[in-house]
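There are 2 protein chains.
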Amino acid sequence: MSEAEVSPQPAIVLVRPQLGMNIGMAARAMANFGLSDLRLVSPRDGWPNPDAGPAAAGADHVLAEARVFGSIAEALHDCHLTFATSMVAKGLPKPARTPREAAGEMRSSGLKAGVLFGPEAAGMSKDDLAGISTLITVPTDAAFGSLNLAQTVLLVAYEWGQAAGLTIGRPELDPPAPHDELAGLTAQLTGALEEAGWFHVRARDASSRRTVAAMLAKSGWTSQEVRTWRGMIRELEGARRRRGQGMR
Amino acid sequence: MSEAEVSPQPAIVLVRPQLGMNIGMAARAMANFGLSDLRLVSPRDGWPNPDAGPAAAGADHVLAEARVFGSIAEALHDCHLTFATSMVAKGLPKPARTPREAAGEMRSSGLKAGVLFGPEAAGMSKDDLAGISTLITVPTDAAFGSLNLAQTVLLVAYEWGQAAGLTIGRPELDPPAPHDELAGLTAQLTGALEEAGWFHVRARDASSRRTVAAMLAKSGWTSQEVRTWRGMIRELEGARRRRGQGMR
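Which chain is which? The protein sequence lines are A and B, in order.
Per the working numbering, residue 1 is the first one in the first sequence, and the count goes up by one each step.
Per the working numbering, residue 1001 is the first one in the second sequence, and the count goes up by one each step.
In case anyone wonders, no lab produced these hints; they're calculated from the structure.
It is possible that some hints are incorrect.
Now the in silico label distances, taken between C-beta atoms and shown as ranges [what the hints assert, rightly or not]:
#1 H77(A) / D1180(B): 24 to 32 Å
#2 S71(A) / L1236(B): 45 to 53 Å
#3 P50(A) / S1223(B): 47 to 55 Å
#4 D78(A) / A1183(B): 33 to 41 Å
#5 E1105(B) / P50(A): 41 to 49 Å
Below are the DSS-like pairs computed for lysine-lysine, each with C-alpha atoms no more than 30 Å apart in a straight line [to be verified]:
#6 K218(A) / K1126(B)
#7 K1112(B) / K218(A)
#8 K112(A) / K1126(B)
#9 K126(A) / K1218(B)
#10 K1218(B) / K94(A)
#11 K218(A) / K1094(B)
Okay, the calculated bits of chain A under chain B, using three or more residues with CB under 8 Å as the criterion [unchecked claim]:
#12 31 to 43
#13 56 to 68
#14 106 to 117
Cβ atoms here follow ideal geometry from the backbone N, Cα and C, with glycine treated the same way.
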């Protein structure tokens, strides 16, 4: 069981969806975040729809389990919390939430929720929305708010996944080298630079040494990387010496 | 100026993108969250690409300002922070962040960031990623992680928008009615119920009255809604009385 299944997962309810491709893309977006309860209210072209499968990109189980209902009320029959996505608050006297806020409420309630998504072109009517308790609006740029159906499903599903605690695998990183290894590198580098004549302005000598130490201190290099640097410095010194000998 | 422009906005860098449609959908996703700095590294079919415009759904300014570069290094030339999206951490010894964490870091740094997105089919190579400081991985369900290019851009752009403080317009809602109006409704309803003979089991009388008061207390009804209820109760009482008279 994935982490997203600790709470009852919300039903994703597509109201009068038009394009099979969008249903498929919505299914794909759902599966990415552990959702599989897809409900269709009066899909325009019937169901199943041959255009949905390719767009689902492997989320076939979501399409196979999708259920069709004749009305919004039937589709929401078992949902204790009801939401509807809405790009603009059409003068509806209902509380509005961001996807993140809504996901947090669904998650903390422990109750089955249903989220309505309107048809591609027209959105939902005031009659569709009258019996819904809360609107979900995606915060977009004031100058350009244009999310399509599958993108809106993606953002709601994504926020559910985040609220349900989905995490990422983090590479196991070697830690920065212990200080004595860094001090050894610093000493080797300043020694090599001294021999090479880099500290040629005596008045700035101490300051230059601090600059070198500070640069190495913030490098974050691991023990292996410190060893690599020590090898590179030895190699550069050897090349300089050989060049020096050749020029003599 | 939108709120997203308070910090320098990150550059969205598509590396060797294949389909013009995906470039257009990425541009649309960016515009939704106030982003417009689109950079293309060696797009497969050249640039401009006639398939990009329709998919941008109005985000034409992003496409018009897009810049093409011959290498990742050139595309990132002015970026102080460098990120690359990666569905799996391919054994790369680099820190990984969620989109939300990365957006927070970009936002709080106040520095120009660049985010790489790999080509549709293959993703990026280890050579592509060697010079990048941090990976971004979307937390997805363990059983199904399949985001396409434009969806990944959408989630990164969305989280940037959230970190940049994009907000939603919230409908101005009338507050719940003051307590005296609710008490008036409660008194009217219990009076009407008394006259109708609803409190017929004397032992449960007080408990029934508390039930009615508690239901009205959690209704959240506004002053207008309380008035509507008082009218409906009067109407129901009138109907009962008329029916009673008719039956006599």
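Which of the stated hints cannot be reconciled with the structure, identified by number in ascending sequence? 1, 2, 8, 14
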